[in-house]
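Given chain A, put chain B in place with the hints provided.
There are 2 protein chains.
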Amino acid sequence: MTREITIALDAMGGDKAPDMVLKGAEIALVRYPELRFLLVGAADRIAPLLKRIPKLEARSALIHAEDVVTGDAKPSAALRTGKRSSMRLVIDAVAEGAADCAVSAGNSGALMAMAKVVLKTMPGIDRPAMASFMPTQRGETVLLDLGANVECDAENLVQFALMGDAFARAVLGLLKPTIGLLNVGSEELKGNDAVREAHAKLRAGIQGLIYHGFVEGDDIASGTVDVVVTDGFSGNIALKTAEGVAKLFFEFIGAAFRSSLFARIGYVFARPALMQLRDRLDPRRHNGAMLLGLNGIVVKSHGGSDALGFASAIGVAHDLCTNGFLDRIKTELAALGAPVPASSQAAPV
Amino acid sequence: MTREITIALDAMGGDKAPDMVLKGAEIALVRYPELRFLLVGAADRIAPLLKRIPKLEARSALIHAEDVVTGDAKPSAALRTGKRSSMRLVIDAVAEGAADCAVSAGNSGALMAMAKVVLKTMPGIDRPAMASFMPTQRGETVLLDLGANVECDAENLVQFALMGDAFARAVLGLLKPTIGLLNVGSEELKGNDAVREAHAKLRAGIQGLIYHGFVEGDDIASGTVDVVVTDGFSGNIALKTAEGVAKLFFEFIGAAFRSSLFARIGYVFARPALMQLRDRLDPRRHNGAMLLGLNGIVVKSHGGSDALGFASAIGVAHDLCTNGFLDRIKTELAALGAPVPASSQAAPV
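Just so you know, the sequences run in chain order A and B.
Residues in the first sequence are numbered from 1 upward in steps of one, following the working numbering.
Residues in the second sequence are numbered from 1 upward in steps of one, following the working numbering.
Check each hint, because a few of them may be wrong.
[As the list claims (entries may be wrong)] Chain A side only, calculated, beta carbon under 8 Å to chain B, not exhaustive:
1) 217
2) 265
3) 270
[As the list claims (entries may be wrong)] Derived coverage of chain B by chain A (criterion: at least 3 residues anywhere in the stretch with Cβ under 8 Å from a Cβ of chain A; other residues may be distant):
4) 222-234
5) 311-325
Think of the hints as simulated: they come from the structure by calculation, not from any bench.
Just so it is clear, the structure is predicted and the values come from calculations on it, not from any experiment.
Glycine included, every Cβ here is placed at the ideal spot set by N, Cα and C.
For reference, chain A alone in the conformation it holds in the complex (with noise of 0.2 Å):
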């Protein structure tokens, strides 16, 4: 059953690249021994390293790139002199077939402009987005976008609801995601008009999809939705502020450990569960943001992961490639019809 997937990955991208792209490539293929890697980058300091990862070494091909897209470039800026770099030449390797997937932990603005250029945007999708999952009291919930459109129409809300909702099919395995849409209140008349907008749209149906109406910020911790579709200004912020709160809560918690005798022995007792809790809240486990959208599959990995990180990232490249991700997006989007109609039949393509 396990086809092989060839993952292209940009041996360059993150603070701690190459050293730990290769390690996350160890431990993902530990999972996932159907992988194969095409590691791109600067084959001087890749090719030291893989020789002393044997196994790694026999899955992979080397493939040198001269250049590097540093993590502030300006996307224009990389598109147009980035074209040897390891970012594009990823990238360059799915839309030629030469791989099923890229993932790379570099900087999002070049990476998101340089997929739109070279993979180019699906029929019926005006604008890709960056989707992820956060952990919530019910699982895992989709969040959408995540940056890539600060501003965002109706008509690209209501994609994103398409985009994410196959998203949570192929890589949460759920059979029927129910779609939330952000807002700041849960009565029709809240909101700006795009929300609105897209909410009435929404409503009035759309095949196969399963809207759930208007939710709120807390709404995405406690699951009330598996998907959450939002602007990329609104979903940047929920993500980050959310990440801000669990760090804090970690500090927080480590201090009141420590806050008396009786509190250490406490923790002692304590520490297999508290361990079990923070994994179970492990950022890394939850890395790994989508570019949806465009025809080929690329994983954006957390700037500062670590290993254990980019092996996330790399296990949503392969979830997406063996769960027919792109198949299935194209297929929602021929049975809604594209452009997305206003009325809610769908429209025989």
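Chain B alone, transformed into the frame defined by chain A:
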């Protein structure tokens, strides 16, 4: 030194009113014995409750209000038909000078609409904002706007910065609060037009204001700045996302401590430290959103608040009255010149 302060309380606002309001006032009175209250609401419901709290009765006057603004009332409808409501009468009391400030746990939209019509915005302020604070690694951070203004231009954001500055000085007692503008990245070119333009204005320099620059969602909890400025859509989402994550965390930690016998033993030892942690993050301690930019002080308590939370909201109202918040913000606006000038020079008034 402590002059008498009269606070008008909307005794009918909030899920657990009027009981919660009276108990909250009782708690606040222990902390601030100089307070006096105008209790506004259905006399036949309040009088018997008040009889049971003689200390509160001695410091209160009961004012009958025929109507109640319901939680689902539209602001426009509440404005038209709610002229004899408890919510309206507490705002009227502030406008007429019968009370120094008003506190309500009722419908936010209606409260904002009524306060704006009755008290009017200050000269130099186009739109009032709603502000509150969140716990951080360094103490507390003021966040505004929290939902009063779903769409904001650069001018609004600059005015929010001024109001947030005055609020941080008055309520948190900070001498030199730092201000950050919420965005999806820290680089100059990130964000939408309103955010970039406001950044340029604040960067150019406004007298008395210490502008840090752009901040991101995770900076809220890390306490990078004392005041985080954003539009009402993003602010509401950030606040509620943070609340949701905090709630998730407490549920996860409860589950972790119930997960094994060892963990249960650990809990016994660590309990006092964990209770302290819970207190530190208790949303009830951070209750009380202030309506900023009006000619009068109105504090909004969370609708689902209990007596302890309502007492915190009364505490915020108390601090704003005693620390000369209104005068401070007027002075800042005057020094700045109203409307906000494009240049960095403060116009003499």
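Are any of the numbered hints broken by this structure? If so, which, sorted upward?
5
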